[in-house]
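Trainee: As a plain string of letters, each chain reads:
There are 2 protein chains.
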Amino acid sequence: MATVRDICVAAGFNVATAVAFLLAFAFLRLQPVNDRVYFPKWYLKGMRDSPSSAGAAVTKYVNIDWRSYFKFLSWIPAALMMPEEELIEHAGLDSVIYLRIYRTGLKIFVPITILAFAILVPVNWTNDALEGLKVVQSDIDKLSLSNVPYGSKRFIAHVVMAYAFTFWTCYVLLKEYEIVTTMRLSFLASEKRRPDQFTVLVRNIPPDPDESVSELVEHFFLVNHPDHYLKNQVVYNANKLADLVEKKKKMRNWLDYYLLKFERKSKRPTTKTGWLGCFGSDVDAIDYYKSEIEKIGKEEAEERKKVMKDPKSIMPAAFVSFRSRWGAAVCAQTQQTSNPTTWLTEWAPEPRDVYWNNLSIPFVSLTVRRLIIAVAFFFLIFFYVVPIAFVQALANIEGIEKALPFLEPLIERPTIKSFIQGFLPGIVLKIFLIVLPTILMYMSQFEGLISQSSLERRTASKYFIFLFFNVFLGSILTGSALEQLKTYLHQSANEIPRTFGVAVPMKATFFITYVMVDGWSGVALEITRIRAFVIFHLKNWFLVKTEKDREEAMDPGSICFYWSEPRIQLYFLLGLVYAPVTPLLLPFILVFFALAYVVYRHQIINVYNQRYESGAQFWPQVHLRIIVALIVSQLLLLGLLSTKGLEEATPALLVLPVLTIWFHKYCKNRFEPAFVRNPIQEAMKKDILERAREPNFDLKSYLADAYLHPVFKSDEVDKFFVADDPGAEEVIVPTKRHSRRTTPVPSVQSKQDGSDRLLLPESVIER
Amino acid sequence: MATVRDICVAAGFNVATAVAFLLAFAFLRLQPVNDRVYFPKWYLKGMRDSPSSAGAAVTKYVNIDWRSYFKFLSWIPAALMMPEEELIEHAGLDSVIYLRIYRTGLKIFVPITILAFAILVPVNWTNDALEGLKVVQSDIDKLSLSNVPYGSKRFIAHVVMAYAFTFWTCYVLLKEYEIVTTMRLSFLASEKRRPDQFTVLVRNIPPDPDESVSELVEHFFLVNHPDHYLKNQVVYNANKLADLVEKKKKMRNWLDYYLLKFERKSKRPTTKTGWLGCFGSDVDAIDYYKSEIEKIGKEEAEERKKVMKDPKSIMPAAFVSFRSRWGAAVCAQTQQTSNPTTWLTEWAPEPRDVYWNNLSIPFVSLTVRRLIIAVAFFFLIFFYVVPIAFVQALANIEGIEKALPFLEPLIERPTIKSFIQGFLPGIVLKIFLIVLPTILMYMSQFEGLISQSSLERRTASKYFIFLFFNVFLGSILTGSALEQLKTYLHQSANEIPRTFGVAVPMKATFFITYVMVDGWSGVALEITRIRAFVIFHLKNWFLVKTEKDREEAMDPGSICFYWSEPRIQLYFLLGLVYAPVTPLLLPFILVFFALAYVVYRHQIINVYNQRYESGAQFWPQVHLRIIVALIVSQLLLLGLLSTKGLEEATPALLVLPVLTIWFHKYCKNRFEPAFVRNPIQEAMKKDILERAREPNFDLKSYLADAYLHPVFKSDEVDKFFVADDPGAEEVIVPTKRHSRRTTPVPSVQSKQDGSDRLLLPESVIER
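Those protein sequence lines, which keep their order, are chains A and B.
Just so we're aligned: 1020 in my numbering is position 566 of the first sequence, and the numbers increase by one with no gaps anywhere.
Just so we're aligned: 1167 in my numbering is position 713 of the second sequence, and the numbers increase by one with no gaps anywhere.
Excised from the complex, chain A in its bound form:
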């Protein structure tokens, strides 16, 4: 077991790491040469220009204003200062609600921490159950529930606190759900005209031998929604074309690279025709890529013709637009025919949110795919435990000494030993988890979801389930399993809460280090943007010729919801589980939430550029997962206390999960529809307003190309540079030129963000 000293060493190390990262960030962000790495959002919004345009050559790369270095922490108040409404306009509702998750964490855990330290810590501390035992225990356990002797009446305090924590958490969740719902509704209400408000995605259109898909759709909706139908846009199977376009783009990149090389060295560069330019015969690189581009260009043109003409490349799906939001709301929410597997209608996602590849999957295939993924996911969860357990077994001191005996003299030094014990298990787990979300994302894509946002949400669910079983339960049990394997292996299902509950206090130190490594250092690392930093400077060095190239080299990134949200949930889980057991863990989690809130707020303001806007559709999931964490914490406490000799505890604690599940049901009924369906009244309101304001608006031409496959559009962008934006006429006062080179599809929303608002206060942009 780790001692207080181990914890302190680990904490010291992690604080040092975090501070180092923060200092590095504070220094790097002040250098003009890094401006595009740390403030890309402002460039994308057209509100910041390259520093190269003004001043001397030195100031172009290095900040020589020594006074600015004294204010190296000034980004923190700046990040916190932007008001919420402005932030919604600046970065979208998704980002703002994402930040709310951290705030919810603070709201839940600040009072819980205070309560736990005021009541539970004294109750635990003033016992000496552990001293009587012969087992070597850590000092930390003196603060935990383990220190209260068997059968003590003091456990009543823990039961009462479990009630208090549950009620407080539910209260905060209720309030947050209310607020988020209100924000979503007012966000939707305040939105400008958007194609998806008028559009419904129709899938599984039954084949008709006599009519084309477009005609069939037109006839069907003219009959069944006669007053509302406007137009339809069939979906092309342009996956092959998209591949070609992608390939051509890569070739062009290489051509640019060699042209630049030629310019600098004045010697025609050569390349090899084989794989990655490593094999095959030498050729002149510039000529080779030019001819390749020409070849692909021809192929592409042919494919493009084929796709547009061949009826086989038209999928049995279409985007159907209506004259009014009311008509679209009605069509999206109703069942069209008596066969519920054909003519499936649902809200069209935002154009840039559509996941095009999945639009044509038929109904039966969908259910089969879901079964396959369910089974595969089960095995992934189940067998992933093996390597983690193996590596964690290595990552304890005795394991390393056995595996590599020559290291023994080094490891046995107290500082190094503490370091390994504190740091290694966390980092091992971390590496494991980095590749995983991508696999899970592929699995979700295979399932056939049709929007990026739903893909991210589905992947987030999977990832959370994985983290719960493999990181949380896996760490509690396999760690213990190595000590008490045989006792545990053959235990039965209803003993599980007890088995896990008993192991919970023993794992407190492990999770404290985990919070520090993953939470503190991880968040501090995020703000330095190491990866984007390196890539930008590499590109800048090798590829960038013009200002336009530099803009393209910039990678703002975005909040990876499917990757980051489940990890936040792990902290909720840890906090709720340890609140009544080992309150010492809580401050560490508080620090994480506070730090992460500031860092991500800064990143959202200055860096990230969201790929789509779902209007906080993920909140019901966030809510659900906190509820799950709460129930798990109740069950584990139940299991733990059932071994402590207070018989009244079990029935008293059994009430909690029942009430929590009921609370969840209530919230689900009360709030969830606002995230799924579109109320008729709201649609009607907007319709009426709009008809009064712009009675002669030409909706048909506004919607003309909104839901065309991006590959047809990106081509136009190539040709005409300025995107053929269907919503162009709608922008009344375009104050800035907007670059949207990094978003594959020109987005109406981000454009509006830019056009509708004026400059931000300088204090926020602050440099």
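No false leads were mixed into what you were given.
No copy labels: a pair is met if it fits in one copy or bridges any two.
Derived DSS-like pairs: lysine-lysine, alpha-carbon spacing no greater than 30 Å straight-line:
1. Lys702 <-> Lys752
2. Lys1140 <-> Lys685
3. Lys1002 <-> Lys701
These are computed hints drawn from the structure, not numbers from a lab.
Quick caveat: nothing in here was measured; it's all calculated off a predicted structure.
Place chain B on chain A using the hints.
Mentor: Just chain B now, kept in the frame of chain A:
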């Protein structure tokens, strides 16, 4: 354990009982005096007149045509002869689909029985595992899986058969779901105009200080469904008024009774004013009831005024009617406002299907009520086990001998012993179960469902869960528990399939007797209609003066879905569980399904009068419960085989529940929407047809009073005798006068049934 002899005695006894009931029925139904007991449906449809109108005095009461007695089984082919389409018109879709449950049972179990007897019985029989054991085993077990020795490869046959049974069951279920869905859709499509096609029930209308509910509703829908809104009918809280009307009716009954008594005895009867006429002072009965009726009549008139005028008696709910089915379909399926707990819309149930008392329950109250019922139901299931276990413990021979030692010499006689063992446990269980559905129905009513049909469905779910835990699992375990209590009590959750699985073969004889008592004799008892028979003749003797009275005394009854369907499901469960274990049970179940099918078909044709028509909305539940039975059977077989030493069995059998659950999900997605939602296309089709046929139809007056509280209508019925039927103008050729004295609300559907079709072939009416 029961022996083959016990089974034979029990079978003999039950067959005798059943045959006796059937003979009694065959005799009684031929007597003209019982005509209204056994053919009330035809009277209600106006296609049969009282036999009193023709012939001599004797033939009025007794059938003296001796030839007719020879054909005493003629009702069976007659019941089977009516074609399905005609039966739908005659009795509604609900009844026909209800019969399909029995047919599904036959379809599933006939091939399973054949397979099991062809393969499993020889496999089991040709072993001698049981002979080696010292435990006294029944001969029946030689046919069961228990007879195969530990570790035998013969268990592969059982695993393969489990696969075969699962696939066959799923195949039948799929086909049946398809057929039922098609039938429902064509039934809905062929329906005549009905008020509920145009009407939506709106609940939880938010209070408005400035407007009445009716105005508020009108304004809301004129704004949000401007082209479709027609009218609304607010809901009155007329519960008190309904009580008064009911009370007055009772008083009038008593008055009739005393008037008749006076007529016969020519002496003014007296009664007492106190409780049930047993206490208090003597008064002249006729005067007393006349004055009472007058008093209540005044009260009623006042209350009626109050309800109509007082805004407090108007509930925040309304029936909103639309100009077209399309408008109603849209409104019912969409969310109206951004707050999903107000302006809740759903399809209005048929007028006679509405459960008026629950229309005004607010949203929060609903969720609280659901929690309360969930907890109460849990305790009901949990603590009901105690009395059943107690009584069953008494109901075995040793228990009785211990409790009542003086009975020992009697009981120990072999025939009586067999009789008790065979008959008693079943009858004990049966008595327990008679009161239960009523309690469960009250619980469902408390939950706040708003239609009779949904109440019945919800109660059926509860009842099935109860039967599953307390009859099925309870009988398997507590019976065994008395023998092996201590072994079982402290076992853990994942051992449960094994514990139950092992006990399954031991309980085969018990369930065989249960099937005979509950199934065979119960069904035969049903056809004799003992209760209705007695009540009708009592009423006929004491109360009936006129033909109209006699019509009122007639009680056709109806299929009690919530009471009978879960019990059928118990047979599915028994059949599926015992198919691979003790195939001997299957023929008993087949006999039940066949007998019940014939009996209920007869009853539906000649007796029952459905109170409402839901269009087979219960089928998804029927399907779900058979799936549950299938999964339970798989798990129990898994548990049983895991103790038999064939290690490959467990993974092979684990695949089955996964596939079954997936199959259920597929079916749910594919078919269930047809039972819940109303497709736009169908609505549009009917609208267009109707507009073409009757362009000038006055829908508003047609819908005028359709959704008025029945208490206001029954009053009109009282006053004018002929109901003020809002759909009267729609009947084009009313060929018969229809009595609907027994249905509280005049029903458009039943009227249409009568008016649209001509006489049935005489062979069906057959007498």
